[in-house]
Amino acid sequence: MQLTLCYFSPVLIMGSVLAASSPNPPPPASGGIGAAPGLTVPPGFGMPSVSPVLPPIGAASGQEQEADSPLPNPGAFDECHRKCKEVFPMQMEGVRLFVNKGLSNHFQVNHTLLLSTTGDSTYRFGATYVGTKQMGPAEFFPVMVGDMDNSGSLNAQIIHQVANRVRSKLAFQTQQNKFVNWQGDAEIKGEDFTATVTLGNPDVLVGSGIVVTHYLQSITPALALGGELVYHRRPGEEGTVVSLVGRYTGSNYIATLTLGSAGAHASYYHKANEQLQLGVEYEASTRMQDTSVSFGYQLDVPKANLLFKGSVDSNWVVGATLEKKLLPLPLSLVLCTFLNHQKNKFQCGFGITIG
Amino acid sequence: MGSVLALSSSPGRQNWPFSTDPPPSHWDRRDGRLPNPGSFHSLHRSCKDVFPQQIEGVKMILNKTLSSFFKVSHTLHLSAVSPSYYRFHVEHLQSDDYSKDKDAPALIGEMDSSGSLNAHALLHLTERVRARTVFQTQQSQFVTWQFETEYRGNDFTAAVTVANPDIIRESVILVAHFLQSVSSGLVVGGELVYHRGRAEEGGILTLAGQYSRPNWVATLNAGKGGAHASYYHRANKQIQVGVEFEASTRTQETTTSFGYQMELPEANMVFRGMINSRCIIGGVLEKRLTPLPATLIMGAFVNHRGDKLQVGLGINVG
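Chains A and B, in that order, give the protein sequences. Per our numbering: the first sequence = residues 1 to 355. Per our numbering: the second sequence = residues 356 to 673.
Excised from the complex, chain A in its bound form:
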């Protein structure tokens, strides 16, 4: 049985809590409003044609409409800006060799060798184990992902479906022999809402920790609103940060806005056609007191096995990534270049992915 494993990308958010994306986000809801039952008149029958879209006449038909098309689950909170971020190229420098080996349906191993021009070269060994409990077409639990650096830094994650709607995750990160991140979270996926509670770096001895609560609710099939509450505590100080999130999904676009006391983050994702996807992102931070706008696009040419991503930034950074599958070998070549005009800095790198 072909096992498709999802892509794990650790995302660093406020308070340096490491939140790994939940694997295989639930497929986005079709977003279309279900057509109300209308009369279809056979041709030549002579009766006046009825418009297929009927305005809700009363509560009864309204309830019927709701029962026919329930509000979809809005997905995880961290996924809100994900679609737009995936369009942008990822900065890479030096030479990278990535070898991926599937040992069985449940077990996969990968080796990464990174020769860096600026920092240290590293070798990383990673292993992924996927369990037997099936929750969806390609979702299996528990999922255990770990990788180890040549300097001893460890990254480990365990994701498990504890109950029918509850998914739990534990993540650990060390820098050589010192623990940098340790967190656990629980995610409840309801009918039309998602709630997540994360406990980050709890330290009983010192009395510090971070608690993050996310809530996302589908208001209409296209609109989802939610909020995030971050409570951090250290000996001598404690505080909270609140932010609100709104996401609107159109037929071929997604607009997301996050507003909070820490700043604002707005993103717009547009799928122009099968090959071209665009993304515009605006970030404002009150802590750093600056804003930035980025424009990115992704060009997919499956016939040439080519994927090109480009981006332009308001920080005068221009970057591009080219990914090409070298069939018939199971090889993939990645070329990446970033140029910072303001600081006159240039970075280029390439990588090979095997398997």
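Please keep in mind that the hints were generated in silico from the structure rather than gathered at the bench. The model shown is predicted, which means the values in this text are computed figures rather than measured ones. Note that the Cβ used here is the ideal one computed from N, Cα and C, for glycine as well. Take these hints with a grain of salt, some might be off.
Stated by the list, open to error - Listed next, the stretches of chain A that the computed footprint assigns to chain B, with coverage defined by at least 3 CB atoms under 8 Å from CB atoms of chain B:
#	segment
1	112–119
2	326–340
Stated by the list, open to error - Pair by pair, the computed Cβ-Cβ distance ranges are:
#	chain 1	residue 1	chain 2	residue 2	range
3	A	L329	B	L560	52 to 60 Å
4	B	P648	A	N340	27 to 35 Å
5	B	S434	A	A304	27 to 35 Å
Please arrange chain B on chain A, whose structure you already have, making use of the hints.
Just chain B now, with coordinates in the frame of chain A:
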């Protein structure tokens, strides 16, 4: 000392390597007479061509042939360690008979975005006498100006070079080369360098010898300034190997390098790798992207002792 500065983007190096020319003709026999040994600079060339050229940053080269006599090329180099530049290169050939020959008579000029100029003029004055003039500037200051005259006899080559003659400072470098074919495979010669400055003057004599067989070439230069030995071997149609040994009395160090070149014409690919006694390992891959008239070049050099990595990407169009 006494090394002649070579043009940075020499045409021989960037040519597509799958030339259908036969191997160097100086081991062919013609009428039983000894062949001309070629010029002194090309003694180590077959071995040096096997080694990959250090590549850094992103380089885009656009070649445009305006006519059979006139070629133009634009180079854009974006680099992380050195300043980025745009370079304009123009070549005017005296005749369109030898378009791929490195010593074809031509006027070559190169101008940098910072104003540095590089100009070469190669002229065939008569059938046997060739003249070469080189001017090089670093922005507005002249760095090199040299004049060379070469006489190609039946089985010998003699050349005299005057480099950086300065009447005001009373300094000059004079180089005399002589190469003689002794037998069908053996070439013997020497180089005499005389340099004179205001306070000092001196001469260095170097002897050179080269022995070539159909599959391999061994060359040795030895003198008071140091020694340079190289061995080039053509294993088969696809693999060429070169070993080089350099010793310098001035810097008191020696270097041994091993390089190989692998050609895969079916895959339109050439790979050159090298490993050094200075713990430098490098590899450059050149791939022709048919049907586009473009060549993609990817290379990386690692200096293990200094723990430095240099990565380069290049694309040649046209």
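Hints and how they fare:
Judged by the Cβ-Cβ criterion of 8 Å, the segment 112–119 of chain A is covered by chain B as claimed, because 3 of its residues qualify and three suffice. Counting residues of the segment 326–340 of chain A whose CB lies closer than 8 Å to any CB of chain B gives 3, so the stated coverage by that chain holds, three being the minimum. The beta-carbon spacing between L329(A) and L560(B), approximately 55 Å, falls within the hinted interval of 52 to 60 Å. Judged by the Cβ atoms, the range 27 to 35 Å given for P648(B) and N340(A) holds: they are separated by roughly 32 Å.
The supplied range of 27 to 35 Å is met by S434(B) and A304(A), whose beta-carbon atoms lie about 29 Å from each other.
Checked against the numbered hints given earlier, this structure breaks none of them.
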